[in-house]
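The residues making up each chain are set out below.
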Amino acid sequence: MVFSIALRITGNRELAEEVAQDVFLELHRCMSSVQSEEHALFWLRKVAAHRAIDAARRSARVPETAADVDDLPGEINSGDPLLAQHLRHVVAGLPEKIRAVIVLRYQEDLMPEEIAQTLSMPVATVKSNLQRGLEILRRKTERVLR
Amino acid sequence: MDDIEKALKAALQREPAPDGFREQVLRKSRSRSAPVAAWWRLPLLRWSVAGVVAVVCIVGGVSEHRRQERMRGEEARQQVLMALRITGAKLRVVQKQIVKTSDEEGDPR
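Keeping their order, the protein sequence lines are chains R and W. Under our numbering, think of the first position of the first sequence as 1, with each following residue one higher. Under our numbering, think of the first position of the second sequence as 147, with each following residue one higher.
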């Protein structure tokens, strides 16, 4: 989960690995403050998302080519593999905050309220980011869906 | 959930961490230096400790400087006393010489 969040947000396997390792080391340091399994999961998602957004901003690297998309593999249980690859490519090119919202919504299956808590942003902002992200994805995928 | 959302869900499946990830985290965790004491993380305390260390260093430096000055003064005093003793001894020799000479001149041989 942690590595996957970092990978989808940073779009870079090495960077994602680094972020995920740091998140687990941080968890190890703060272990005494973790109250339950749910709290640990929430904490991991929150810290992973924030660290990944920061790392993505620092590296200022947005995968734009087909080769970059190949860095973002994923098992596809259903649907069109080409469409899935195209979607991952478009997601990787979204602004960091919108990307994080989309990843938490569709990879982690979180509700907007949970995403708001995780990313420390108002629910309305989460919803508008979701809408904006989906709009971009729809626009850039129309051709593939036809 | 519309088509694009379903397709997104399918495309954004969780990606497992690479092989050896767990071992790397454990290795990093072990290699980290001993944990810093909790009190040391408080900035006020850190600055206080730094301040005390600085004051101790300054006071120590000043006291060492004064000790060395005292030693130099004592050395100079000893040298002056030695010079006075030598001068005194020489004066006594000269005085004896004068007395001896005047005795010889006054002696009616």
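It is worth saying that the hints were derived from the structure and are not from the lab. Beta carbons are placed, not taken as given, at the ideal position from N, Cα and C, and that holds for glycine. Among these hints, one or two may not hold up.
[What the hints assert, rightly or not] Some chain R residues close to chain W (C-beta under 8 Å, calculated; not the full set):
| # | residue |
| --- | --- |
| 1 | Met1 |
| 2 | Phe3 |
| 3 | Ser4 |
| 4 | Leu7 |
| 5 | Glu18 |
| 6 | Gln21 |
| 7 | His28 |
| 8 | Leu82 |
| 9 | Ala84 |
| 10 | Arg88 |
| 11 | Gln107 |
| 12 | Ile136 |
| 13 | Lys140 |
| 14 | Thr141 |
Next on the checklist: Under the constraints set out in the numbered hints, which ones does this structure not fulfil?
Outcome noted: Checked against the structure, the hints that fail are numbers 5, 8, 12 and 13, while the rest are satisfied.
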